[in-house]
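K.L.:
Going line by line, the protein sequences match chains D and S.
Oh and the first sequence: position 121 is 121 in the numbering used here, straight run, nothing missing.
Oh and the second sequence: position 7 is 7 in the numbering used here, straight run, nothing missing.
Because the hints were derived from the structure by calculation, they are not lab data.
Even for Gly, the Cβ is constructed at its ideal location relative to N, Cα and C.
One or more hints might be untrue.
Stated by the list, open to error - Per label pair, the in silico range of CB-to-CB distance: (1) 481/D <-> 171/S: 57 to 63 Å; (2) 515/D <-> 171/S: 31 to 37 Å; (3) 189/S <-> 590/D: 21 to 27 Å; (4) 189/S <-> 526/D: 39 to 45 Å; (5) 373/D <-> 17/S: 54 to 60 Å; (6) 523/D <-> 151/S: 49 to 55 Å; (7) 144/D <-> 192/S: 50 to 56 Å; (8) 97/D <-> 17/S: 32 to 38 Å.
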Amino acid sequence: MIELEKIPDKVLEIFRDKGILKENIAVCMMSDLDTCQFFYDNWVVLTDNEICCLTLTKNLKEKPYMSFADRFLSFGKKLETTYTEYNFRCFELKKIKKLKVEELISSCRLVAETEDDKEVVFYCTFSNKQNAFSFSSYANNMIKNGDIGEIKENRNKELFCPQCGTRFPEPERKICTRCMKKGKLIARLLPFFKRYSICIFLLFLGIILSTLLSIIIPYISGTVMYDDVLKVGGDFYGQLGLLLTVMIGTNILSSLFTVLNGIMHSKIAARVTYDLKKEIFNSIGKLSLGFFTSRQTGGLMTRINNDAETLYWFFCDGFPYLVTNIFQFIGIAVLMFTMSPILTFLTLIPVPVFVICYKIILKYFRKLHAKSFSKNRSFNAVITDVISGMRIVKVFAREKSELIRFNRHSKSSSDAKTSLAIAQNSVFPLIYYFMGIGSYIIWAYGGYLVIKGKMQYGELMTYTAFMGMIYGPLDFLAEVTNWWADCLNAVSRMFEIMDTEPDVKESSNAVSIHGISGNVEFRNVCFSYVKNRPVISDMSFEIKSGETLGIVGKTGAGKSTLANLLTRLYDTDSGEILIDGINIRNISFADLHNNIAIVSQETYFFRGSILENIRYAKPDASYEEIIEASKNAGAHSFIMKYPDGYNTQIGFGNRELSGGEKQRLSIARAILKKPKILILDEATAAMDTETERMIQNSITRITKNCTTLIIAHRLSTLRDAKKLIVIENGKITECGTHSELIAAQGGYFKLYTMQLEALKAIGIE
Amino acid sequence: MENILENTVEISYLTPENSSFFVTDNGFLMIDTQLKAQSINEPPKECRKFDLNDTYSKNNIKSGNNGNKIVSAVIGKRAVHLRRAFPFDYPYKYISVSDDYGEIGIILDVDLFGESAEYIKNELDTKYFAPKIIQIVSLKERFGYSYWKVKCNKGDYSFTVKDTFRNIIHVNDKRIFITDVDSNRYEIEDIYSLDRNSFRKIELYL
Numbered sequence: 001m002i003e004l005e006k007i008p009d010k011v012l013e014i015f016r017d018k019g020i021l022k023e024n025i026a027v028c029m030m031s032d033l034d035t036c037q038f039f040y041d042n043w044v045v046l047t048d049n050e051i052c053c054l055t056l057t058k059n060l061k062e063k064p065y066m067s068f069a070d071r072f073l074s075f076g077k078k079l080e081t082t083y084t085e086y087n088f089r090c091f092e093l094k095k096i097k098k099l100k101v102e103e104l105i106s107s108c109r110l111v112a113e114t115e116d117d118k119e120v121v122f123y124c125t126f127s128n129k130q131n132a133f134s135f136s137s138y139a140n141n142m143i144k145n146g147d148i149g150e151i152k153e154n155r156n157k158e159l160f161c162p163q164c165g166t167r168f169p170e171p172e173r174k175i176c177t178r179c180m181k182k183g184k185l186i187a188r189l190l191p192f193f194k195r196y197s198i199c200i201f202l203l204f205l206g207i208i209l210s211t212l213l214s215i216i217i218p219y220i221s222g223t224v225m226y227d228d229v230l231k232v233g234g235d236f237y238g239q240l241g242l243l244l245t246v247m248i249g250t251n252i253l254s255s256l257f258t259v260l261n262g263i264m265h266s267k268i269a270a271r272v273t274y275d276l277k278k279e280i281f282n283s284i285g286k287l288s289l290g291f292f293t294s295r296q297t298g299g300l301m302t303r304i305n306n307d308a309e310t311l312y313w314f315f316c317d318g319f320p321y322l323v324t325n326i327f328q329f330i331g332i333a334v335l336m337f338t339m340s341p342i343l344t345f346l347t348l349i350p351v352p353v354f355v356i357c358y359k360i361i362l363k364y365f366r367k368l369h370a371k372s373f374s375k376n377r378s379f380n381a382v383i384t385d386v387i388s389g390m391r392i393v394k395v396f397a398r399e400k401s402e403l404i405r406f407n408r409h410s411k412s413s414s415d416a417k418t419s420l421a422i423a424q425n426s427v428f429p430l431i432y433y434f435m436g437i438g439s440y441i442i443w444a445y446g447g448y449l450v451i452k453g454k455m456q457y458g459e460l461m462t463y464t465a466f467m468g469m470i471y472g473p474l475d476f477l478a479e480v481t482n483w484w485a486d487c488l489n490a491v492s493r494m495f496e497i498m499d500t501e502p503d504v505k506e507s508s509n510a511v512s513i514h515g516i517s518g519n520v521e522f523r524n525v526c527f528s529y530v531k532n533r534p535v536i537s538d539m540s541f542e543i544k545s546g547e548t549l550g551i552v553g554k555t556g557a558g559k560s561t562l563a564n565l566l567t568r569l570y571d572t573d574s575g576e577i578l579i580d581g582i583n584i585r586n587i588s589f590a591d592l593h594n595n596i597a598i599v600s601q602e603t604y605f606f607r608g609s610i611l612e613n614i615r616y617a618k619p620d621a622s623y624e625e626i627i628e629a630s631k632n633a634g635a636h637s638f639i640m641k642y643p644d645g646y647n648t649q650i651g652f653g654n655r656e657l658s659g660g661e662k663q664r665l666s667i668a669r670a671i672l673k674k675p676k677i678l679i680l681d682e683a684t685a686a687m688d689t690e691t692e693r694m695i696q697n698s699i700t701r702i703t704k705n706c707t708t709l710i711i712a713h714r715l716s717t718l719r720d721a722k723k724l725i726v727i728e729n730g731k732i733t734e735c736g737t738h739s740e741l742i743a744a745q746g747g748y749f750k751l752y753t754m755q756l757e758a759l760k761a762i763g764i765e
Numbered sequence: 001m002e003n004i005l006e007n008t009v010e011i012s013y014l015t016p017e018n019s020s021f022f023v024t025d026n027g028f029l030m031i032d033t034q035l036k037a038q039s040i041n042e043p044p045k046e047c048r049k050f051d052l053n054d055t056y057s058k059n060n061i062k063s064g065n066n067g068n069k070i071v072s073a074v075i076g077k078r079a080v081h082l083r084r085a086f087p088f089d090y091p092y093k094y095i096s097v098s099d100d101y102g103e104i105g106i107i108l109d110v111d112l113f114g115e116s117a118e119y120i121k122n123e124l125d126t127k128y129f130a131p132k133i134i135q136i137v138s139l140k141e142r143f144g145y146s147y148w149k150v151k152c153n154k155g156d157y158s159f160t161v162k163d164t165f166r167n168i169i170h171v172n173d174k175r176i177f178i179t180d181v182d183s184n185r186y187e188i189e190d191i192y193s194l195d196r197n198s199f200r201k202i203e204l205y206l
């Protein structure tokens with residue numbers, strides 16, 4: 001039995017009562033919706049002759065919200081789940097022609113097509129989509145061949161945490177956030193600190209010393225000053241000079257330590273975050289393109305930067321402060337206790353109360369902060385949006401409405417800030433006032449003790465100074481857990497990137513090939529971006545070295561995908577791609593990419609000069625080579641029109657190039673490399689026909705010995721292609737030379753006549 | 001070659017006068033109309049085979065000038081797919097109706113269809129399945145993912161959302177859609193009508 005999802009014994013029992021024995025079940029899965037799309041456990045099984053769906057209501061013997069007493073009583077007992085049958089339906093396989101998974105907007109369903117009608121077998125949410133596809137393919141095999149056929153690897157099983165059963169949020173990264181040990185995260189950070197261990201040791205020593213000094217200072221200016229120096233009969237009565245020297249000395253020492261510590265931990269924190277960022281950027285570079293397209297990478301780098309920043313501040317600001325305060329707290333508490341236990345007790349009682357108060361208040365403030373932050377963020381987004389789209393705003397005369405939009409966002413942002421500021425200015429003075437009550441108690445009781453002669457006046461002064469030192473960092477201590485949580489989040493996100501395994505890996509025994517001749521062969525290639533949705537299915541073709549192949553097809557037919565596969569931005573699902581008879585999976589990345597150049601639909605240029613951008617393909621190219629490549633790409637003339645020539649700054653935030661100019665630059669970049677295989681993916685779509693022809697001529701000239709793949713939907717682009725293939729829905733539908741395809745009167749002929757008609761319509765023939 | 005442009009620009013409206021809807025015994029929505037799907041050059045392969053035996057489409061097969069059989073879109077009774085043009089603004093208005101060949105036309109308002117409006121609405125609700133959250137039992141954030149336990153109009157469910165802030169779509173001031181890691185969608189019709197505890201849990205993400 002293939003269990004796409006683990007079937008409980010209790011459910012099997014119910015199936016058995018229906019006459020379906022475990023031995024007869026070939027495949028089972030659970031869909032989470034019933035036929036009315038309500039959430040139920042709906043078990044679906046496939047046997048030799050039927051598909052049965054059993055909808056169950058699940059009753060946990062455990063109460064959903066157990067009180068502490070309940071938990072205590074049920075401790076150690078295994079909680080049982082019972083199932084009640086809700087619905088049972090069967091579909092005979094011999095009546096079904098075919099099963100199909102239909103994807104709806106955010107759920108899917110398995111539909112059985114019979115001779116004259118169709119019927120829904122089950123509904124499920126997208127969470128079970130993968131299983132539904134597998135189930136349907138097994139069942140279709142059963143219908144066709146009476147056998148489930150080849151057993152495929154079930155990836156879904158690995159999606160759940162083996163310990164607690166929670167789903168892994170990220171399939172590629174099998175880490176359960178519930179079971180993840182926080183300690184492990186920190187342990188992984190430690191190696192980054194290891195190389196600075198001497199610095200860290202010194203840092204801690206410094207912290208301890210400066211803490212000691214900071215405790216001693218109030219003691220000197222309190223107890224020693226009033227009780228020993230100023231008081232008649234004190235140990236150091238009248239020795240004001242000595243006292244001052246000691247005071248100044250300790251102060252200087254303490255400041256010195258603070259400065260040294262500051263320098264030390266800034267250095268360590270900055271270096272560690274630098275190391276982390278370097279490591280992360282390194283792993284980002286290794287990831288395959290799929291990683292970036294499969295998730296929202298908007299601001300991926302910004303996020304990493306922010307995370308690193310969070311870490312930096314925690315280690316630079318938070319951590320030393322925390323350590324200092326803990327040492328200080330312990331030191332002061334001990335010292336106070338030796339002076340007067342009762343008074344110490346009175347001082348410390350309010351501490352937990354204040355910490356709890358702070359926790360509650362700061363939670364509220366976090367909300368306000370978050371609100372203000374998000375309002376501010378959307379306000380900034382509006383500004384950037386409008387300013388970069390100013391041309392459109394002006395063309396459509398929408399300045400007024402943009403102003404209104406701006407005002408609205410500006411107002412809500414300022415409102416959020418106002419309410420935050422008001423809260424801050426009213427809550428905190430109130431807290432300080434309540435904290436003041438604590439000191440009143442000390443004054444009252446301490447004063448009483450002094451009057452009674454049970455305590456020295458100087459001691460009382462020391463006490464009040466200590467109290468300030470204990471109460472001062474309370475707000476920080478209350479917030480530190482949140483800060484810590486943020487820090488852990490940041491660490492886990494950074495490790496997420498480091499842990500992701502690239503889909504496309506360089507083979508461990510990759511061969512390096514020198515001087516390839518450029519024979520390319522696709523052999524039964526299948527590929528899909530999303531599982532079970534084939535983009536390329538069973539495609540085979542061959543290009544001889546030096547030949548030009550034209551690829552024609554509608555948008556979305558899979559033309560650009562071929563280019564992505566050949567350059568190994570993605571790997572094929574099955575089948576192989578060969579260059580000079582070697583599977584490209586066995587060719588080292590460096591060799592593969594040095595021999596293939598691609599000019600794709602999307603042109604991207606880095607921030608920098610035109611020269612740097614062209615040179616990107618071949619960093620050691622001479623100036624002559626660059627000019628030659630630009631001339632061949634038709635870029636030289638427009639580059640020379642700019643006052644700064646090849647040094648003109650382009651890219652984000654600099655001079656805007658037109659669509660055609662960008663394409664010409666990217667062609668120049670590609671041919672500079674003198675590749676053996678050149679892929680032009682709609683590379684000339686944004687140019688006028690004359691320029692296109694001119695560039696094509698020069699490309700043909702310089703790529704005489706080079707295998708060229710031209711992808712286009714404008715047929716004039718393909719006029720140099722000897723051989724053409726027409727792609728439709730990921731399959732080659734036609735193949736041959738231009739005249740052969742015209743003679744065949746198929747899709748190519750249709751496209752050709754259509755483009756001809758279009759020319760006729762405007763009077764060109 | 002048919003004139004490509006003229007076919008595509010004009011909106012054809014489906015009204016009770018030119019078409020009617022009904023459902024099969026198994027609940028699949030069908031249309032009966034003399035209108036054809038527009039602007040599709042080539043029918044999907046599966047349909048081509050199917051249509052040759054189909055009585056409704058026999059008159060739609062004609063011979064091309066090279067002898068190939070060319071199938072134009074069918075008329076009469078056939079299965080349809082519905083799509084909302086403005087799913088957030090009008091769930092039952094501006095509904096695009098298409099068959100296997102392409103869009104047949106647009107229904108301005110489903111309610112125009114009187115009794116069969118119910119079928120159409122059912123079909124739309126099935127297709128645009130998005131449970132409405134009525135109570136948030138628990139909402140926990142752990143390491144950048146939020147874990148939700150909710151009570152919906154479709155029963156109790158729990159799901160995980162990544163990068164919560166980004167995966168909440170604000171349709172208007174009070175209505176939101178939440179997309180989970182599997183791209184399932186959940187709706188909260190009015191965040192302010194949630195009970196106090198639920199609102200407090202979600203407040204931070206708004």
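K.L.:
Could you say whether the range 57 to 63 Å given as a hint is met by the Cβ separation of residue 481/D and residue 171/S?
P.N.:
With Cβ atoms ~36 Å apart, the hint is violated.
K.L.:
Check the following: the C-beta atoms of residue 189/S and residue 526/D are separated by a distance inside 39 to 45 Å.
P.N.:
For residue 526/D against residue 189/S, whose Cβ atoms are near 44 Å apart, the range 39 to 45 Å holds.
K.L.:
Does the Cβ distance between residue 189/S and residue 590/D fall inside 21 to 27 Å?
P.N.:
violated (56 Å)
K.L.:
Do the beta carbons of residue 97/D and residue 17/S sit within 32 to 38 Å of each other?
P.N.:
holds (36 Å)
K.L.:
At the C-beta level, are residue 144/D and residue 192/S separated by a distance inside 50 to 56 Å?
P.N.:
holds (55 Å)
K.L.:
Can you let me know if the beta-carbon spacing of residue 373/D and residue 17/S is within 54 to 60 Å?
P.N.:
Holds: the Cβ-Cβ distance is about 55 Å, inside 54 to 60 Å.
K.L.:
Could one say that the CB atoms of residue 523/D and residue 151/S fall in the range 49 to 55 Å?
P.N.:
holds (54 Å)
K.L.:
Take a look at whether the Cβ-Cβ distance between residue 515/D and residue 171/S falls inside 31 to 37 Å.
P.N.:
violated (60 Å)
This entry does not satisfy hints 1, 2 and 3, going by the numbered hints stated previously.
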